[in-house]
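Enquirer: Those sequence lines, one after another, are chains B and Z. For the first sequence, position 384 (counting from the first letter as 1) is numbered 384 according to our numbering, and the numbering increases by one without interruption. For the second sequence, position 285 (counting from the first letter as 1) is numbered 285 according to our numbering, and the numbering increases by one without interruption.
Read the hints as simulated data drawn from the structure, not as lab findings. Check before you lean on any hint, since a few could be wrong.
Calculated lysine to aspartate or glutamate pairs in the DMTMM-like style (CA-CA distance at most 20 Å, straight line) [to be verified]:
no. : chain 1 : residue 1 : chain 2 : residue 2
1   : Z       : K117      : Z       : E101
2   : Z       : K136      : B       : E93
3   : Z       : K353      : B       : E93
4   : B       : K413      : Z       : D138
Which residues of chain B face chain Z? A few of them, derived with a C-beta cut under 10 Å, are [to be verified]:
no. : residue
5   : T230
6   : E312
7   : H315
8   : L347
9   : K371
10  : L372
11  : L380
12  : A475
13  : R479
14  : Q483
15  : W493
16  : D495
17  : V496
From the three backbone atoms N, C-alpha and C, an ideal C-beta is built for every residue, glycine too.
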Amino acid sequence: MSIALFLSVFLIAACGLIYELIAGTLASYLLGDTVFQFSTIIGCYLFAMGIGSYLSRFLHRGLVARFVSIELMVGVVGGFSSSLLFLAFAYTEAFRLVLYMVVIMVGTLVGLEIPLLMRILKERFQFRELVSHVLTFDYLGALGASLLFPILLVPKLGLVRSALVFGIFNAGVALWSTYLFREQISRSRLLRAGCFVVLALLGAGTVFADRISSAADNSLYADQVIFSRTTPYQRIVLTKWKDDLRLFLNSHLQFSSRDEYRYHEALVHPGLAALPGARHVLVLGGGDGLAVREILKYPSVESITLVDLDPEMTHLFSTHAVMSALNQHSLTNARVHVINADAFRWLDTNTEQYDFIVADFPDPTSYALGKLFTTAFYRLAAKHLASGGLIVVQSTSPLFARQSYWCIVESVKQAGLRVYPYHVYVPSFGEWGYVIGSFAPYEPPRQLPTGLRFLSTANVAELFVFPVDMQPVPAEPNRLNDQVLVRYYEQEWKDVAH
Amino acid sequence: MDGFSRREFFGAPALLGLWRKTDRRITGGFVNDSFPLGHRLRDGAEFRAPAQQLRVPIVIVGGGMAGLNAAWYLDKRGFHDFVLLEMEQQAGGNSRWGENEISRFPWAAHYVPVPAKGESLARELFEELGVLRDGKWDERALCFDPQERLFINGHWQEGIEPEDGATPKDRAQYRRFMEKVSEFRAAGQFTVPMEYGARPSPLDRMSMADWLVQQGFDSAPLGWYINYACRDDYGALAKDTSAWAGIQYFASREPEEKGPLTWPEGNGWIAARLIDKLKRHLRTGGAVYGVVRGGNQIRVLTEQTEYVADAVIWAAPTFLASYVIEGAPRAEGFQYSPWLTANLTLDRIPDQKNAEPAWDNVIYDSPALGYVNATHMSLATHVDRTVWTFYWSLAEYTPEAARRLLLARDWNYWKEAILHDLVRAHPDIRQCVAHIDIMRIGHAMARPSPGFLFSEHRARWLKPTGNIFFANSDLSGFSIFEEAQYRGVEAAKGALRLVGRA
């Protein structure tokens, strides 16, 4: 009997800590700044527990029934806490408000549990013994939860299911209490019915947990968010599902680690392999270091200058273990110079010449980004090309945004360059387009670096062949004073979405 | 329990940053006030006698666009024996500009419509400045996309012509108005500069508002749009603007390229380049307080120097002539709209919701003219601070009443009025603005009141009086860059002929 009693203390303590950990983890996943999230959540939670303990003095009669109802409430609020928070993040602006309200509610309810339980048990044990036992099991429960959470729960169950499972434990304790203390309650039948309802609810939640997460993720990210930060320039989100790492900038997919090699090999090698003896390379955008990784495969390249707007981006891909493994530590290579600057302005104030220039900017979703795809930009870039040099431009999808693609090609052409458009299939993106610009005639390379996973001398020339559904359509060039590209792009991707 | 719940209640919002934000302190003041000196000239105050005398064949009075272009023309034709006198410390007149740690910004004139093929003078200057090369305009000097937007019905629409909420009837009237404009354009009288094509017309005898009524245009948004155009270019309401001038605004332009030409500092970019070319001729900070004719020579008096000239180009506003030139009559009929411009330093960009910021930003039904964003012409993709130039022509008052109001109210009044106007479109504006400098210009731009353009009053100043040539843009009846340039160059031609160098 007494062991059973103290086991329930162990369980409810574990549950309480799990909810706190879930809130902290979720907040740092979604908002970043782990130290701030955990500190404030632990603080609020403990403070709310204090409120609960204080409030317990105002509960006088029917303590067991009260305890059972509180357990049920903890079970529901805590059990659905992560579902609620995911949905709040996906669909509302009030994520922080919901977060701290959940933390304060759960904390207050958990704060009521132990004082009530101690008062219920005070007739059965000596005070000295009671305090010692209850607190011992309380702390043991906390230890159990804190070990279980990172080792078993997050990797195996995920955040949504973990919370629901522990909600079931709370409801289980409630149900069990109706039997343990049956002589102390009057309306045990009603309470038990309540317990079953809550159990059914949480059980259903556990079964449909996947659907809950996907409801939240439909507008968000399909996978587990492993890094998220809002910088002054953009929102960086990294997600991971099994071995697939994905980077999103402002909710736009930048790469999936499963097929980014196709994108980056096609971005770099058709141009660079055609320039034997290229020594100086400039990468504009591409703060993930993946294009740089490909460029480093050329021993002749002495220097690579990477210009990316966002220092957080280049810092992340220089230092984060998973990300720097993906780019093979390219950003910390001695041949690489990382510069955090606005590419157009930087290029305008710089006089260096480069053998190969990579323009790997996010798609032209706004007039601000559209400037980086204008004839004025390509004219400026062309001035920085060493004699015989090439520029390659990531140019959105020639299939989904056909006119946008050919608009970019036309813009490079209007800057006085010969254009060589090509495309590749990247499963996570679909058909993707590039264009090489050059003053001199260009021919696809006959030799490629070893160790490529997609490109070979056999297929590189094929990239320049466009099937009928991607062939040129008339498009105006994109100019600073008339950014047709931004309008084409908006229209074409809207059509794809519908 | 009460205590706890209250703390819990108030604690959470504070933690979440939901606290009501207190308005920040905004610094600033009036800048470039020119009326004290102007009023001294008007009131015939005492000035110091010049310390030295210099013999200079041609003296240009006034360093705004007209004076700078007169000087540019003399210099270009190989005549270098002249001085350009500007009473302010900074030349440029309405094309003056400023600069802070964020950007350069205009103080008034901020664009030039892309000059058409026939505008040879403007094209010549822009070729010299590298803006026009081999018949192609420099993309970086053409206003970046998106050019204009209008805040109407609670959100921003692209373009200033009110589209949002326009009924089929409104749209039909827009079309009919544009057809009328095309007819006028084809008739060839509405040219830039105006002197090339302008012929006396009954249109000048009625107001733009009356013409709209006469033509059956009664669409409210069309009326707003045309009234806005008059306020913007002439500082006058449509009912106070000559219909000829109102039509000129629309019919004189048929740009070959999407423009206009603009720079972060507006037309200050042009002024700065002209000043740099002409700096050895330029004398700033010395007001001309007297122009005295004697025989074939003219004495031009400043407190520093008395210039003895063969010809004078009077590029200052024409109304000042009677206060300074001995024997000059009053400039009857000339009216000037006063303006207020303000440069707002924003160290945070207001929340734009989903609208992309444009270069020219106008609020529907606002008494002011909106603002121009100085960093719009930046090549950067990301801007976190900026400068806005806010324009207000006070057109609903008579020029005299508006001038009195400009002087009567303090900086705080105007600051509040500006923020009050902007807050409709930018609810968080008070949290974004750090500094507001305000410039009051009493006689900012010539106003083409009905009847003025083809009046005797205007015609009499087009001819030189003796060896004084008048050059201000107000001779055209309205103050735009091309008119200033044309008048300046015409006066320079006359002066060259007089000194026997043409």
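Enquirer: Taking the earlier hints as the rules, which of them does this structure contradict?
Expert: The structure breaks hints 1, 2, 5, 6, 7, 12, 15, 16, 17; every other hint is satisfied.
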